[in-house]
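**Student:** One letter stands for each residue in the lines below.
Protein chains: 2
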Amino acid sequence: MATKSSIMDTNSYSDDYSSLLSNTTRDMINRREKWMGGAYRLFYRKPVNLVRGQGQYLWDAEGNKYLDMYNNVAGIGHCHPAVVEAVTEQMKLLNTHTRYLHERIIDYSEDLLKMMPDEIDKIMFMCTGSEANDLALRVAQEYTGGTGIIVSREAYHGTSALTSGCSPALGSEQPLLPNVRLIETPDYYRHGGTPEEFTAWYLGEMQKKIDELAATGYKFSCFLADSIFSSDGVHPNPVGFLKAAIDVVHKNGGVFIADEVQPGFARTGDAFWGFARHGIIPDMVTTGKPMGNGIPISGLAAKHEVLAAFSDKLPYFNTFGGNPVAIAAAQAVLNVIKEEKLQDHCKVVGAKLLKALQEVKDRHPDSVGDVRGAGLFIGFELAKNDGKKTPDQQKALDAIELLRDNNVLTSVAGPYGNVLKLRPPMAFQECDIDWIASTLDKCLHQLES
Amino acid sequence: MATKSSIMDTNSYSDDYSSLLSNTTRDMINRREKWMGGAYRLFYRKPVNLVRGQGQYLWDAEGNKYLDMYNNVAGIGHCHPAVVEAVTEQMKLLNTHTRYLHERIIDYSEDLLKMMPDEIDKIMFMCTGSEANDLALRVAQEYTGGTGIIVSREAYHGTSALTSGCSPALGSEQPLLPNVRLIETPDYYRHGGTPEEFTAWYLGEMQKKIDELAATGYKFSCFLADSIFSSDGVHPNPVGFLKAAIDVVHKNGGVFIADEVQPGFARTGDAFWGFARHGIIPDMVTTGKPMGNGIPISGLAAKHEVLAAFSDKLPYFNTFGGNPVAIAAAQAVLNVIKEEKLQDHCKVVGAKLLKALQEVKDRHPDSVGDVRGAGLFIGFELAKNDGKKTPDQQKALDAIELLRDNNVLTSVAGPYGNVLKLRPPMAFQECDIDWIASTLDKCLHQLES
Ligand SMILES: Cc1ncc(COP(=O)(O)O)c(C=O)c1O
Ligand SMILES: Cc1ncc(COP(=O)(O)O)c(C=O)c1O
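Top line first, the protein sequences correspond to chains A and B.
If you use my numbering, the first sequence corresponds to residues 5 to 453, in order.
If you use my numbering, the second sequence corresponds to residues 5 to 453, in order.
Keep in mind the hints are simulated off the structure, nothing from the lab.
Careful, some of the hints might be misleading.
Put simply, identical chains are the same to the list, so a pair is met inside one copy or across any two.
[Said to hold, decoys possible] Mimicking DMTMM-like on lysine to aspartate or glutamate, the simulated pairs with C-alpha atoms at most 20 Å apart in a straight line are:
hint, residue 1, residue 2
1, K38, E123
2, K38, D316
3, K69, E107
4, K38, E114
5, K69, E89
6, K223, E343
7, K38, D122
8, K38, D111
9, K359, D64
10, K50, D436
11, K307, E37
12, K317, E177
13, K38, D115
14, K96, E66
15, K118, E37
16, K317, E37
17, K69, D111
18, K38, E107
19, K223, D370
20, K96, E177
21, K50, E107
22, K50, D64
23, K365, D445
24, K50, D125
Please read all numbers here as calculations on a predicted model, not as lab measurements.
Work out the full structure, taking the sequences as your base and the hints as a guide.
**Tutor:** See below:
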């Protein structure tokens, strides 16, 4: 295995730790390895066997309670009753496909598009983030007549042949497509400078990559990015820096696909969508993970003229995509986000969490280089205090194992695998701050001693 | 729109018929077109607005009851209580991903693999049939070191960039990938001859296509096929003909991917899988549609040595794939198929249905060319009685509209779009035979007069 990033398996189970496992856990792992394909990876040296979830908490088979600091799929909280009820009721009534009329998909399309800029006025539904990005890339290519794709240095955009060829996070064994170029991670912590300088640097990088594509014979088609650069290590700042680079994309005849699989659906607090934080109007928006709170549903929203380049020519039918049950889940999620005012909640509680984590950083100057975030999407970066901000992947990996032993679940991200990605269900409350902050404190002390 | 096949839209709504629509239906269509991408197609000149399903029946908003002769996704019957209950209970408990241990996915992996030949001993889970085929193609390419792909002349294998490039059914606007070759539809009705002659012809075609790939510089990698050739127009006979062609695939160093998205899960009656009817051991098996009775789940099962070529090198993580809720649905489906003995049921009731439909054919020699099937998977082919078996697409399209007006739902398939695809939920009962047979009779009479 040659992957380097957290997307996949830096913290996977390895045989060395099997002596630490209970017999039950070992048996489960053995049975899992017997039947399930080897591409599956488990989190943790001592994998957890979760059996129950509620809100921001999870329980393992032995009854231990965990704080979930990782799962943005259960966006409105594990097992939210509104989703359970909506899905159950719709399952009892009907579950069929989009070749028949159904009110729910039309209502939801309207409701979701109303959360987007006016220019984004058409939507389609799939089952996974990968499918949304795969289609978005094809639409971009039809619309622009180009094939060149730019993604971020450590991007992850999906599992399909096309999207995995645009996912450097999968590691060196996964070749990038020949028409893909990587733009540098917008790492403000390491790059520094004023926001204006940083913005100018990043837009310059964008132009360079577009020129590189042209020089190698690929007409530029699109920039596909997660605007919070989650798998690049969570880079929300300086707010607005991305806009100028998107202007460059447009000036060069390309389109911007905002991959909202991670930042979307209110999590950043600043806005309902990650791109909106930066004041951008994308040409296409892809959504996934939190959209149905775990029921598989994803979406591709687009400007009508962009989508038409594809749909005037080609049909698209996704068997389960947008079925009434998946739509019921998505509608319940959207309603709950509005009713429970979760965007405000993320802003308020996220700011307090960030402050508490920055205090942890201040207490551990030799371990923690930077803490940054937007709402309930925080990157906690472990770096050496050597004047060079040297990433400390080992400490990050050890920290997530220790956190797990102390009943806090999370994972790492970034090109150096040294950033703790703290992205709890939005059910996370002020009263949970002490749990994560004091546990981090304790674990870092232990690692420093 | 240049598509020719039923996969997408031969029978889509067109403006000409809007005068026939109720105001409610017209409003829904307008709202749908306003918000939803133009690649969506509706069935029927007068689209149906379904609101309820139970077993083999569906109801529209006005309370009209329909016999569903089309939907194999609701394989064990619309809204089967076992699935509703299993999904609801699991949704209340926990829904998370495959990086934590969970009993259900391990149990289900074992249960499902036990339904396959011993050689197929590893499984992975995705959300859609497209995702399963996309991954299977990549695995085949890693394993064989070749890229050449053979699919059937009118095949449909999915929505992703890779699988739609292997889907001639999408029509002429969707280019095939340069490394894809089409093998002729195994149309025994038109080809004729003894089973032995037919078998020899088809294996010869296979060798030709492999040779063509080689001659154009593509090392052969795989043959990807739905063994009942559903979108080619449903070609189950002569039973066993496919085996010799698969031997040719293997002799040439290729692998066979059995796409069981359509024939899988007991429907053909002869066997649990379509490939098993032909006595074949595939190298990989992809599953989808009926697997979770509408809850998005798909699978890729493979020989361990084939899968290892991919998974020893590359990670794969599908966010929703194999989550506890999707697995709960799939487990319930598998249990119900066993408990309700649905394979036997399909064999017995399917034979009676076939006989009744053959009697319809005998009463309409000028309209119906052939009726063929396996279990509850039947092709009813409209052809002119002109000694040349000229396909009658217009009559097929008119027939499905008339059937719809008479409360029977189905669609067309095949390269000529002239085969009614009769593939009801397996909840279809003997008492329903008269409904479909007499309605077909009536509609054909009307079309003939
Ligand atoms: C930014 C981003 N895009 C796309 C995907 C793919 O989503 P899925 O696993 O649902 O296919 C992911 C999944 O991790 C993601 O993080
Ligand atoms: C034979 C076959 N394979 C694959 C697919 C793709 O399945 P999905 O729509 O779930 O992606 C289909 C869907 O119609 C199919 O019929």
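**Student:** Between the shortest in-copy and the shortest cross-copy C-alpha distance, which are at most 20 Å for K38 and E107: within, between, both, or neither?
**Tutor:** Between. Shortest inter-copy distance 13 Å satisfies the 20 Å Cα cut-off; intra-copy 45 Å does not.
**Student:** Please sort K118 with E37 into within, between, both or neither, judging by C-alpha distance up to 20 Å.
**Tutor:** The answer is between: 16 Å across copies meets 20 Å, while 45 Å in one copy does not.
**Student:** Could you place K96 and E66 in one of the four classes (within, between, both, neither) given a Cα distance threshold of 20 Å?
**Tutor:** between (33 Å within a copy, 19 Å between copies)
**Student:** When no copy is named, should K69 and E107 be tagged within, between, both, or neither for a Cα gap of at most 20 Å?
**Tutor:** between (40 Å within a copy, 18 Å between copies)
**Student:** Taking 20 Å as the upper bound on the Cα-Cα distance, should K69 and D111 be classified as within, between, both, or neither?
**Tutor:** neither (38 Å within a copy, 24 Å between copies)
**Student:** State whether the alpha carbon distance between K38 and D316 is at most 20 Å within one copy, between copies, both, or neither.
**Tutor:** Between copies only: 15 Å across, 47 Å inside.
**Student:** Is it within, between, both or neither when you check K317 against E37 at 20 Å Cα-Cα?
**Tutor:** between (44 Å within a copy, 16 Å between copies)
**Student:** With identical chains treated as interchangeable, where does the CA-CA distance between K50 and E107 reach 20 Å or less: within a copy, between copies, both, or neither?
**Tutor:** between (47 Å within a copy, 16 Å between copies)
**Student:** Are the CA atoms of K69 and E89 at most 20 Å apart within a copy, between copies, both, or neither?
**Tutor:** So K69 and E89 fail the 20 Å test inside a copy (25 Å) and across (26 Å) alike.
**Student:** Have a look at K38 and D111 and pick one of within, between, both or neither, based on CA distance no larger than 20 Å.
**Tutor:** between (45 Å within a copy, 11 Å between copies)
**Student:** For the identical chains here, do K38 and E114 meet the 20 Å Cα criterion within one copy, between copies, both, or neither?
**Tutor:** So K38 and E114 pass the 20 Å test across copies only (9 Å; inside, 46 Å).
**Student:** At most 20 Å between alpha carbons: which applies to K50 and D436, within, between, both or neither?
**Tutor:** This pair counts as neither: shortest intra-copy Cα distance 24 Å, inter-copy 55 Å.
Consistency with the previously given hints fails for numbers 5, 6, 9, 10, 17, 19, 20 and 24, ordered from lowest to highest.
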